[in-house]
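Engineer: Here the structure of chain A is known, so what remains is to put chain B in place on it, guided by the hints.
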Amino acid sequence: MSQDAATDSPAAAATVPMSEAAVARLMSRLLGQEARIEGLAKLTGGASQESWAFRAGAGGRERAYVLRRAPPLERRADYTLSLEEQAAVITAAASAGVPVPDVVGVLEPGDALGSGFVMTAVEGETIARRILRDARFDAVRPRLAGQCGGILARIHSVDARRLPPLPVSDARAQLRDLARRYDQAGSVRPVFDLALRWLERRLPAPAPARLVHGDFRNGNLIIGEDGVRAVLDWELTHLGDPAEDLGWLCVRSWRFGKMDAPAGGFGGYADLVDGYQAVAGERIDLDRIRFWEVLGTLKWGLMCLGMFAASSKTGQLAVERAMIGRRASETELDLLILIEEAS
Amino acid sequence: MTAKPDADTLLASVADFLRREAMPRLSGHAAFGARVAANAIDLVRRELAAAPFPKGARLASLLGHDGDEAALERELAASLRSGTLALGSPGVAAYLWDDVLARIAIDQPAYASREQAASRHPSCAQEPSE
Numbered sequence: 001m002s003q004d005a006a007t008d009s010p011a012a013a014a015t016v017p018m019s020e021a022a023v024a025r026l027m028s029r030l031l032g033q034e035a036r037i038e039g040l041a042k043l044t045g046g047a048s049q050e051s052w053a054f055r056a057g058a059g060g061r062e063r064a065y066v067l068r069r070a071p072p073l074e075r076r077a078d079y080t081l082s083l084e085e086q087a088a089v090i091t092a093a094a095s096a097g098v099p100v101p102d103v104v105g106v107l108e109p110g111d112a113l114g115s116g117f118v119m120t121a122v123e124g125e126t127i128a129r130r131i132l133r134d135a136r137f138d139a140v141r142p143r144l145a146g147q148c149g150g151i152l153a154r155i156h157s158v159d160a161r162r163l164p165p166l167p168v169s170d171a172r173a174q175l176r177d178l179a180r181r182y183d184q185a186g187s188v189r190p191v192f193d194l195a196l197r198w199l200e201r202r203l204p205a206p207a208p209a210r211l212v213h214g215d216f217r218n219g220n221l222i223i224g225e226d227g228v229r230a231v232l233d234w235e236l237t238h239l240g241d242p243a244e245d246l247g248w249l250c251v252r253s254w255r256f257g258k259m260d261a262p263a264g265g266f267g268g269y270a271d272l273v274d275g276y277q278a279v280a281g282e283r284i285d286l287d288r289i290r291f292w293e294v295l296g297t298l299k300w301g302l303m304c305l306g307m308f309a310a311s312s313k314t315g316q317l318a319v320e321r322a323m324i325g326r327r328a329s330e331t332e333l334d335l336l337i338l339i340e341e342a343s
Numbered sequence: 001m002t003a004k005p006d007a008d009t010l011l012a013s014v015a016d017f018l019r020r021e022a023m024p025r026l027s028g029h030a031a032f033g034a035r036v037a038a039n040a041i042d043l044v045r046r047e048l049a050a051a052p053f054p055k056g057a058r059l060a061s062l063l064g065h066d067g068d069e070a071a072l073e074r075e076l077a078a079s080l081r082s083g084t085l086a087l088g089s090p091g092v093a094a095y096l097w098d099d100v101l102a103r104i105a106i107d108q109p110a111y112a113s114r115e116q117a118a119s120r121h122p123s124c125a126q127e128p129s130e
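Here the protein sequences line up with chains A and B, keeping their order. For the first sequence, the numbering used here gives the first residue as 1, with consecutive numbering after it. For the second sequence, the numbering used here gives the first residue as 1, with consecutive numbering after it.
Here chain A stands alone, though its shape is the one from the complex (with noise of 0.2 Å):
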């Protein structure tokens, strides 16, 4: 019955082993009863986090689950959540209305599978390409845009009693954060002091701190012909201002060469207000949400720098990231052009 699945990441697979008979005891004891695990593969893994898809039949019901994990105590960094962090917010924007995958269950240590949590599978589509452009998500498209506002304005509404204890990270915070990281990244690129001053001039007032995903574009969107069918990755996840989800889908690199439907590159702004305020009650002023999708253009590009330079402990091969380094120049590009439109 045991049967080790292949790994193909030998830094995480050497702390942590994972076997088709570990998640059968595991799933047995999330589901209440014996169960039946079929097909269990890798779907993704850096040499740190990992996820695995698998099915498990239990009591006649078989259903598709996904297991992310990590090591154990496995932190990447101060400002990203730990895997049960991400399961305990998730749970709470569950509650809201937020379409996210069901949390099955977190890993405790005797499981010996890491840390991490189950989920279900969510069928559909996350690669902006094919949603953009495939022919079956043309009904769905123009509705995207207001459904991305709907969701954001739900996840802003999560009960800060409901969750753990999270980052709090405000504008004039990341601002500073990102001039840092910038005078640490040993590359002028006069485009970013430009866009550092035009920012530093511009810093909205302060709004009262709301869960922010943090990281809510396409590639973390679950996308099917029905619309938005669960929101993923909510590791980058903080309290702070509420407009910088709205820019962060705004960012041009996210529009994937449909330059003209600034809410990730199937709706306009107007569309994501609306659906924002049709739930919220309350309408995001734009000028705030171009403030932040400028940051956000200087945070993916200082991102892009430091591609570079961080460690191959991200699990992503040397050609790949010095691609990513060559790709600071598109988000110059992009701080151009929206600086000189705000001007």
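It is possible that some hints are incorrect.
Stated by the list, open to error - A short, non-exhaustive set of chain A residues, derived as facing chain B with CB atoms under 7 Å: (1) Val191; (2) Asp193; (3) Leu194; (4) Leu196; (5) Glu200; (6) Val319; (7) Arg326; (8) Ser329; (9) Glu330; (10) Asp334.
Worth flagging that the hints you see were computed from the coordinates, not collected in a lab. Here the structure is a predicted model, which means the values were calculated and not measured. Cβ atoms here follow ideal geometry from the backbone N, Cα and C, with glycine treated the same way.
Structural biologist: Same frame as chain A, now just chain B:
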């Protein structure tokens, strides 16, 4: 006198090998890596073919004095950060656009923002290699 086959021909043959021979025989992350590697070689070919952007001369003209190219660029960056220079200052926007457009033509010629930028700045629309 350049040896034959020249650097561009050699690089083109490596990219072609990666795409046509290696990629179909690889799977998963390795196949993805081979595609990225082929793209990297295409980028290097564009960089070798491009007329170099006269950064030092442009910076000296913008800032009104000569100097080491890296030092001049740091001076421009510091002036933009402090607000001594702004996008509206004489010559600043033209320099920043030309510098960025020269690099994006190498790094990502198909990036969609480039079209938009070129339509606003027709003088910058030409490929440096043309």
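Engineer: None of the hints should be skipped; say for each whether it holds.
Structural biologist: Here's how the hints hold up against the structure:
1. Val191: 6 Å, holds
2. Asp193: 4 Å, holds
3. Leu194: Given a least distance of 4 Å, the restraint on A/Leu194 holds.
4. Leu196: 6 Å, holds
5. Glu200: 9 Å, violated
6. Val319: 5 Å, holds
7. Arg326: Holds - the Cβ of A/Arg326 comes within 7 Å of chain B, reaching about 4 Å at its closest.
8. Ser329: 4 Å, holds
9. Glu330: OK, holds: A/Glu330 within 7 Å of chain B, min 5 Å.
10. Asp334: 5 Å, holds
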